[in-house]
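The chain contents come next:
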Amino acid sequence: MPNKPSPRFATALAVEAYKLRRSLALLLAAVAPLLIAVFMFFNLVRMKRPVPWELALEIPVSIWAFFMLPMCVTALTALVAHTEHGSRSWDYLRALPLPRWHLYAAKALCVVGVVAAMSVLTTLFSVFAVQLAGWWKPAVAVTGTPDFAGHALLLARVFAASWLLVAVQLWIALRYASFVPALATGIGGTFFAVVATSAKAGIVLPWQIPVNQMATDPARADLALVLGCVGGLLAFALMLWRLGRREVLA
Amino acid sequence: MPAAIETLDLTRRFGERTAVDRVSMTVPERSIYGFLGRNGAGKTTTIKLLLGLLKPDAGFARIAGIDVAADRIGAARKIGALLEAQGFYAHLTGRENLALACRLLDLPGTEVDRVLEVAEMSAHGRRRVADYSLGMRQRLGLARAMLGAPPVLVLDEPTNGLDPEGIADMRRFLRELPTRTGATVLLSSHLLDEIERTATHIGILSDGRLVLEGALAELKAGLAGEVAIGTDAPERAAALAREHGFDVSHHDDELIARFAPQEDVRNAAAALNRVLCTAGVRVHALAPRQRSLETLYRQSAPAALA
Chain D
1 MPNKPSPRFA TALAVEAYKL RRSLALLLAA VAPLLIAVFM FFNLVRMKRP VPWELALEIP
61 VSIWAFFMLP MCVTALTALV AHTEHGSRSW DYLRALPLPR WHLYAAKALC VVGVVAAMSV
121 LTTLFSVFAV QLAGWWKPAV AVTGTPDFAG HALLLARVFA ASWLLVAVQL WIALRYASFV
181 PALATGIGGT FFAVVATSAK AGIVLPWQIP VNQMATDPAR ADLALVLGCV GGLLAFALML
241 WRLGRREVLA
Chain X
1001 MPAAIETLDL TRRFGERTAV DRVSMTVPER SIYGFLGRNG AGKTTTIKLL LGLLKPDAGF
1061 ARIAGIDVAA DRIGAARKIG ALLEAQGFYA HLTGRENLAL ACRLLDLPGT EVDRVLEVAE
1121 MSAHGRRRVA DYSLGMRQRL GLARAMLGAP PVLVLDEPTN GLDPEGIADM RRFLRELPTR
1181 TGATVLLSSH LLDEIERTAT HIGILSDGRL VLEGALAELK AGLAGEVAIG TDAPERAAAL
1241 AREHGFDVSH HDDELIARFA PQEDVRNAAA ALNRVLCTAG VRVHALAPRQ RSLETLYRQS
1301 APAALA
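Here the protein sequences come in this chain order: D and X. The first sequence runs 1 to 250 under our numbering. The second sequence runs 1001 to 1306 under our numbering.
Derived from the structure by calculation, the hints contain no laboratory data. Ideal placement from N, C-alpha and C gives every residue a C-beta, glycine not left out. Misleading hints may appear alongside valid ones.
[What the hints assert, rightly or not] Simulated pairs of lysine to any residue, SDA-like, Cα-Cα distance not exceeding 20 Å: (1) X:Lys1220 / X:Glu1263; (2) X:Lys1055 / D:Lys200; (3) D:Lys200 / D:Ala184; (4) X:Lys1055 / X:Glu1111; (5) X:Lys1055 / D:Arg246; (6) X:Lys1220 / X:Ala1287; (7) D:Lys48 / D:Leu34; (8) X:Lys1055 / D:Leu96; (9) X:Lys1055 / D:Trp241; (10) X:Lys1055 / D:Arg175; (11) X:Lys1055 / D:Arg242; (12) X:Lys1055 / D:Glu247; (13) X:Lys1055 / D:Arg100; (14) X:Lys1055 / D:Leu93; (15) X:Lys1055 / D:Leu240; (16) X:Lys1220 / X:Arg1242; (17) X:Lys1220 / X:Ala1285; (18) X:Lys1055 / D:Arg245; (19) X:Lys1055 / D:Lys48; (20) D:Lys137 / D:Leu55.
[Unchecked claim] To spell it out: a stretch of chain D is covered by chain X in this simulated footprint if at least three of its residues, at any positions, have a beta carbon under 8 Å from a beta carbon of chain X; those stretches are: (21) 9-15; (22) 18-29; (23) 141-153.
With the sequences and hints as input, model every part of the structure.
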């Protein structure tokens, strides 16, 4: 293999995306938004009066940001990391003639991409569920005009605010071959985020930062967005640096 | 012959323990180098140093002339590895696994067909790796190591976990590798028989140190001749033989006489027989022992057999 050009990051990214084929991670990406939509459908049909579009769009985002997102990120990062831990591929991958940070950055981008796709699917499935409920029981058909632009902005903010959460969970999942540290951290973080929803300190808790985008105080939401987004980028950079230099001994 | 792999004073410590201790090894081009040592002798650590997975505390390693520490990526382009851990994605097919490696190595897709054919795996490429037997996974690992036809192949315990038929099959395959691919093969194992049947050169590692290295045939030719003495009175026979200047020792309940390398075994055995019979010791067998890798191993790494 003489005089090869420098390895391209796009190649590592494409390979990482290909690994998702027929994987449990991809199944999770479809199932979690579907569960929210199923809940939305049954929640609406049990009602006696119609709800406005504004509320019908807000409920799924709240469920997503409050509970489903931190739990899904925990499971998703563990599954993606386990693709290599489970098959004991790290030695092979790390011995390849390409910069090691490519491997980790490709994984991080794939996870972020899947989370973005799940965010979109949550809305799409929920809108479908809302329409289906209205067709099934016309008395609860949603009223008013949907503000899809505003909803998309809120969804984008929740997504960007989740980067610190993704970085923390992915780092732990990649660092430890066992599922336990990543799952324990994710479940523990989500537990505290749920039981202490209105805690002031929640704004710095990675598992609670996304739901802070729905705070009534815009300043709090903005600060949470900066912490989640910029903190996430910094954590990703630190993760790439540390994991790229690390010697895997076992 | 120029060296495909060369290390000088390669050292790696884990805390207080020195896993690889000033190892200076030379693997000639197009050779099959049997890298021997018991479990824990430092073989896998040495291989990880060659692959750039670990950093040495001292010394250096060169692959095809490229310093691994200075240019890991350049050295990695010259080497294909089958590591003990197999590293395949079980939910993908063998062909898909190879295609992923191919992309990461920036190789054309036709490489997949080539290596599948060399590894005699063409018929199984479209099956999911989860459905493969261990032998098939090992072959797939070999196929992956051969992607891009690297000049050096490092195979860590390639027969581990295989059944006897699979081992024989793998041995035949490994013997043919340099001819088929033109590559130099570093074959790590703790099985003497496997190395003896496959390797052209050997390096023996004991407690992190390289205690013997060279062409297997030359090393065996330089071995002292040995005969196993069958007698009813081994203690007396040993004492008598030693009195007459013979080098005699006990190994696994056997009394072994070792002669000087240049000495004719037949003449020496006759002289020994005469000494024992004259003294009235009943000798019922004097069996010449083959000059084997086991003898070489026993002499150079005695601790390993303890």
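Quick rundown of the hints versus the structure:
no., hint, result
1, X:Lys1220 / X:Glu1263, "holds (15 Å)"
2, X:Lys1055 / D:Lys200, "violated (46 Å)"
3, D:Lys200 / D:Ala184, "violated (23 Å)"
4, X:Lys1055 / X:Glu1111, "violated (31 Å)"
5, X:Lys1055 / D:Arg246, "holds (10 Å)"
6, X:Lys1220 / X:Ala1287, "holds (18 Å)"
7, D:Lys48 / D:Leu34, "violated (24 Å)"
8, X:Lys1055 / D:Leu96, "holds (16 Å)"
9, X:Lys1055 / D:Trp241, "holds (17 Å)"
10, X:Lys1055 / D:Arg175, "holds (19 Å)"
11, X:Lys1055 / D:Arg242, "holds (15 Å)"
12, X:Lys1055 / D:Glu247, "holds (8 Å)"
13, X:Lys1055 / D:Arg100, "holds (15 Å)"
14, X:Lys1055 / D:Leu93, "holds (17 Å)"
15, X:Lys1055 / D:Leu240, "holds (19 Å)"
16, X:Lys1220 / X:Arg1242, "violated (25 Å)"
17, X:Lys1220 / X:Ala1285, "violated (24 Å)"
18, X:Lys1055 / D:Arg245, "holds (10 Å)"
19, X:Lys1055 / D:Lys48, "violated (69 Å)"
20, D:Lys137 / D:Leu55, "holds (18 Å)"
21, 9-15, "holds (count 4)"
22, 18-29, "holds (count 5)"
23, 141-153, "violated (count 0)"
Consistency note: the structure conflicts with the earlier hints numbered 2, 3, 4, 7, 16, 17, 19 and 23.
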